[in-house]
Amino acid sequence: MQPFTPVLLEAVGVADGQTIASYKSRGGYAPLERLLAEKQPIDIVEMVKASGLRGRGGAGFSTGLKWTFLPKDHPGPIYLCINADESEPGTFNNRILMEDDPHQVIEGIILSAFATRASTAYIYLRYEYPQSWNRLQTAIDEAYAAGYLGKNIRGSGFSLDIYLHRGAAAYICGEETGLIESLEGKRAWPRIKPPFPAIEGLFRKPTVVNNIETMACVAQIARRGVDWFRSIGVPADPNNPRDPGSYGPKLYCLSGHVERPGCYETPLGITARQLINEYGGGVWKGRRAKAVIPGGISMGLMTEAELDTPLDFAGPGKVGCLGLGTAAVVVIDETVSIVDFLHNSCRFFAHESCGQCTPCREGTSWSLRMLERIKAGKGRLRDLDLLAEIGNTMGMMPGSTICGLADGAAWPIKNAIKKFRGEFEDYIKRTNPQGWMVTDPVPALQIVGSH
Amino acid sequence: MATVIVDGKEIEIGADERLNCIEAARLAGAEIPHYCWHPGLSVVASCRMCLVETGTRDAATGKISMMPKLVPACQTPAKDGTVIVTESQLVKESRARVEEALLIDHPIDCPICDKAGECLLQDYHFQHGQAERRADLHPFTSRRRDVGPTVTLFVDRCIMCTRCVRFTREVSGTSELMVTSRGAKEEIDIFPGHPLDNKLSGNVVDLCPVGALGDKDFLYQQRVWFMKREANVCGGCSAGCSIHTEHNQDTVYRLKPRENPHVNKWWICDDGRYGWHHIHDASRIVGAGRRASSSTPLESVEWADVITRLRADLKAAGRLAVAVSPMLTVEEAWMLCAVARSIDPQALLAVGHVPQAGEDETFPGGFTIRAEKCPNRLGVEGVIALFDPAVRSWNDLVSHVRAGHADAAWITGAYPAAWIDDDTAAAFADLKCLVVQDLFDSPLTALATWKLPAAGFAERAGTWVNVAHRAQSFEQAVRPPAGIWPEGRLYWNMLGRRGLYDPTAVRRQIADSSASFAALAGEIPATGVDLRIHQLASTTS
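Top to bottom, those sequences are chains A and B. For the first sequence, the working numbering begins at 1 and goes up steadily by one. For the second sequence, the working numbering begins at 452 and goes up steadily by one.
Hint data in this document are derived by calculation from the structure and do not stem from the laboratory. Hints should not be assumed to be uniformly reliable.
Claimed, not checked - Okay, derived cross-link-like pairs now, SDA-like style, lysine to any residue, Cα gap no bigger than 25 angstroms in a straight line:
id : chain 1 : residue 1 : chain 2 : residue 2
1  : B       : LYS679    : B       : THR978
2  : B       : LYS520    : A       : PHE196
3  : A       : LYS186    : B       : GLY491
4  : A       : LYS378    : B       : THR592
5  : A       : LYS186    : B       : GLY816
6  : B       : LYS543    : A       : ALA388
7  : B       : LYS636    : A       : PHE341
8  : A       : LYS193    : B       : ARG633
9  : A       : LYS205    : B       : GLY624
10 : A       : LYS205    : B       : PRO815
11 : B       : LYS707    : B       : ILE641
12 : A       : LYS193    : B       : GLU637
13 : A       : LYS151    : A       : HIS74
14 : B       : LYS520    : A       : ARG242
15 : A       : LYS205    : B       : ARG617
16 : A       : LYS193    : B       : GLU474
17 : B       : LYS520    : A       : PRO195
18 : B       : LYS636    : A       : ALA170
19 : B       : LYS530    : A       : PRO71
20 : A       : LYS186    : B       : ASP640
21 : B       : LYS883    : B       : PRO796
22 : B       : LYS520    : A       : PRO241
23 : B       : LYS530    : A       : GLU200
24 : B       : LYS530    : B       : ALA453
25 : B       : LYS636    : A       : ARG373
26 : A       : LYS186    : B       : THR625
27 : A       : LYS193    : B       : GLU544
28 : B       : LYS636    : A       : GLY167
29 : B       : LYS883    : B       : ILE794
30 : A       : LYS378    : B       : ILE555
31 : A       : LYS193    : B       : VAL494
32 : B       : LYS530    : B       : ASP509
33 : A       : LYS186    : B       : PRO815
34 : B       : LYS636    : A       : GLU389
35 : A       : LYS193    : B       : ASP531
36 : B       : LYS520    : A       : ALA388
Let's have the full structure, built from the sequences with the hints guiding it.
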């Protein structure tokens with residue numbers, strides 16, 4: 001693979017790259033001025049649709065298509081919400097963008113708001129990002145001063161206000177409708193769908209929720225063109241009519257047991273092995289990888305043997321993972337017990353389950369308590385079947401929950417049990433040598449016979 | 452018309468009926484278990500107990516295509532061609548798992564829980580749960596905290612259906628309750644310093660499908676399976692809410708709302724809910740008494756003698772004025788008027804005192820508490836109008852007596868609270884004969900020649916007409932304390948009628964003899980009949 005020159009991350013390492021002057025010197029805001037002067041909103045929608053841009057937040061839904069779900073000729077207001085509640089463990093690509101190149105994000109937001117006819121945009125920022133908060137707010141102020149935000153932007157007649165909202169640190173606020181509820185000042189309990197946010201979202205008005213990296217991609221598509229974007233990545237699979245392809249550059253967050261963890265920009269479709277070896281300098285201390293999380297903990301696990309899977313939107317699904325997710329690749333080396341990994345994963349989801357739907361609320365908590373027991377040396381083999389059952393039945397896909405958090409909680413469980421069952425069994429037999437076998441209940445005495 | 456297919460059985464629902472799959476399946480006789488859904492509250496689809504398989508039948512080809520996953524029946528509208536499968540293996544397994552999940556953190560303290568016997572968690576466990584408890588966790592905590600003056604919360608029994616939270620937000624509009632914490636640690640709680648204290652707060656106990664919310668008034672008073680319930684009507688105000696009186700051995704233990712779409716939907720107010728204690732008050736008037744003169748004490752009279760001696764006293768006194776209490780039923784009022792007119796054909800008939808308190812109070816959910824604190828003013832007015840087109844009020848009667856136009860008065864009361872002051876009572880001091888029939892002693896009973904007991908609301912049978920002209924008939928729920936004849940029994944006997952007092956016979960007689968009550972002729976449905984609509988229909992036809 002040829003070395004890829006970073007585009008989304010071009011400001012990284014540039015002195016004062018976060019300032020508006022630096023951004024403009026790199027060609028920023030010029031495409032915005034041109035498009036605002038020459039094009040109509042529908043043209044921007046068509047441009048993004050043509051680029052094949054898929055949402056970078058996790059689900060990978062086509063961004064342009066999402067925008068077209070908004071009702072036509074709606075009297076307004078229409079809202080644009082930017083999801084910067086980056087809470088998926090292992091993920092930090094949005095943070096890099098917000099801290100090092102906030103104007104790229106803001107330009108994308110202005111273009112997206114123009115396309116969706118929104119005159120108000122909210123950035124929902126996770127609480128734990130103070131530096132992002134400072135840089136974004138400064139950048140918003142700069143953009144207002146330069147006339148890129150506010151009333152009648154650059155004489156185009158289009159007006160936009162951006163509000164930066166800082167959340168209070170809950171994973172569920174990253175779920176589209178949970179974010180909307182939280183933004184309305186309510187408990188972030190995801191809403192039942194339909195109606196989808198495009199029809200009835202924030203303050204019961206049509207709403208689009210997009211990710212920070214998606215906004216950066218919109219800005220780059222505007223600057224470099226649709227053809228440039230489509231020249232990168234993995235084209236659609238001609239044998240699968242439902243595959244829209246994975247185009248464009250992607251920020252991969254590489255962390256865990258690698259020599260050089262970090263956020264790397266490469267074309268979509270790089271394999272996990274390439275990413276680890278060529279960018280991350282290989283698994284640390286010369287060890288082998290035991291498992292790799294393809295895109296945030298909720299996407300499940302790939303084994304060493306599956307590392308040649310391309311990390312595009314379709315790839316991880318082919319090896320039983322949930323999907324590409326946020327492309328947060330976490331490497332787990334061979335010394336780590338998979339029991340510890342699953343315990344940690346379950347602890348996270350039991351803590352972060354919003355508690356609305358029964359299967360997720362009780363399932364996440366039950367699986368955590370089962371793993372705590374297994375770790376305490378009181379595991380039983382049948383616990384593994386129970387865990388697998390919880391993993392297989394909890395989530396939006398079997399229909400048992402409202403939102404996808406439960407799927408994210410279920411996937412590590414079922415992947416771990418399926419792909420590493422032997423290790424679990426060994427662990428239980430080793431730590432609970434007397435009681436790992438299932439003991440059948442003692443049959444009830446024959447009452448009649450005993451009298 | 453829309454056709455819905457429930458478990459292979461086709462049912463028709465109206466084209467303008469907006470039913471969800473739970474309601475549609477119920478029409479077909481299939482009960483889909485559910486916790487969080489309630490017809491009076493918004494849909495959250497969070498308990499996941501009502502998951503079913505659904506699909507659509509193509510109208511043209513008849514081909515059925517099923518959804519690949521389970522969907523919540525509460526959230527899925529039943530449209531033409533909707534296919535609902537409520538008993539497939541997949542659905543049963545899903546229910547069993549939800550039931551199992553809910554029981555993981557439930558203390559299962561049924562033996563000391565008031566809800567046992569009418570608990571959805573119990574019922575569904577037997578119907579849909581699994582025999583083995585696979586979670587080897589042993590939760591037994593029984594944390595309890597007060598959330599308001601009438602309601603207490605058993606925190607660990609809660610299954611987080613959030614019906615109560617939605618009720619305070621959508622129906623009472625007071626928003627005291629909320630959910631705190633997250634995941635399996637979440638709890639229902641109040642905002643600090645803002646207890647659950649509104650006039651509808653008792654409804655959250657009815658809404659609670661498990662024993663988490665307890666009614667302090669009922670707590671540990673009675674096992675629910677010992678109680679019998681009688682369909683009744685609340686006498687607290689002129690709204691006339693449909694209720695169930697739940698009682699055991701002539702003791703009332705609690706009142707529950709009875710669903711009535713025309714009156715109270717699913718709710719009742721706390722004034723009504725806890726407004727039954729007066730019928731078990733020890734200071735109630737028990738037994739009939741007569742005073743020979745104002746200076747002599749009351750001497751008790753056998754009921755058999757009351758019938759004749761009361762008539763004789765009133766006859767001897769002369770001009771009679773009668774206050775027909777708006778607490779009486781239509782049947783009792785009619786018989787009282789008939790008795791009075793048989794004694795004095797010119798007797799003045801007036802509506803008794805109509806208690807008022809404040810203004811009508813309407814809540815965001817549409818529920819209204821009426822300022823008129825009696826159940827049957829319209830019914831009594833209608834009855835009096837049959838005898839005398841000039842329907843007089845209590846004040847008319849007092850002026851009439853003050854002016855010396857009456858020699859005797861018969862004042863019926865049955866008011867649960869004090870209602871008359873000394874000044875008003877003084878107007879009746881100089882009568883030759885004063886008959887007072889009431890629940891409690893008052894300035895008026897001190898002057899009475901005849902002091903007769905009255906029945907409480909659950910102790911009488913008959914028909915009340917509420918503020919919206921809806922007539923609801925009900926049966927006697929409990930017997931009055933020994934020594935008390937309900938008004939209807941006394942009047943029935945004074946009219947010389949044979950046998951036991953039969954309110955239905957009286958009601959039919961009234962309906963046959965008057966256009967305004969014609970709607971009462973047949974069987975009265977549980978939700979009552981609207982007297983006006985029937986009148987309109989009968990006059991136009």
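LYS186/A and ASP640/B: Cα distance at most 25 angstroms? holds, 15 angstroms
Are the Cα atoms of LYS679/B and THR978/B separated by 25 angstroms or less? Judged against 25 angstroms, a Cα distance of about 20 angstroms means the pair holds.
Satisfaction of hint between HIS74/A and LYS151/A, Cα-Cα up to 25 angstroms: Satisfied, since the Cα-Cα distance of roughly 20 angstroms is no more than 25 angstroms.
Given the hint that LYS186/A pairs with PRO815/B, test it: the Cα-Cα distance must not exceed 25 angstroms. Cα-Cα ~20 angstroms, so holds.
Run the distance test for LYS883/B versus ILE794/B: straight-line Cα separation, threshold 25 angstroms. holds, 15 angstroms
Does LYS530/B pair with GLU200/A here, judged by a C-alpha cut-off of 25 angstroms? Roughly 22 angstroms between the alpha carbons, so the hint for LYS530/B and GLU200/A holds.
Hinted pair LYS186/A and GLY491/B, Cα distance within 25 angstroms: holds, 22 angstroms
Measure nothing beyond the straight line between the CA atoms of LYS636/B and ALA170/A; if it is 25 angstroms or shorter, mark the hint as holding. holds, 15 angstroms
Restraint status (C-alpha distance of LYS636/B to PHE341/A at most 25 angstroms): holds, 23 angstroms
Quick one, are LYS193/A and ASP531/B close enough, alpha carbons at most 25 angstroms? holds, 21 angstroms
25 angstroms limit on alpha-carbon distance, applied to hinted pair LYS530/B and ALA453/B: holds, 6 angstroms
Hint consistency between LYS520/B and PHE196/A [alpha-carbon to alpha-carbon, up to 25 angstroms]: holds, 19 angstroms
Consistency with the previously given hints is maintained throughout, with no hint failing.
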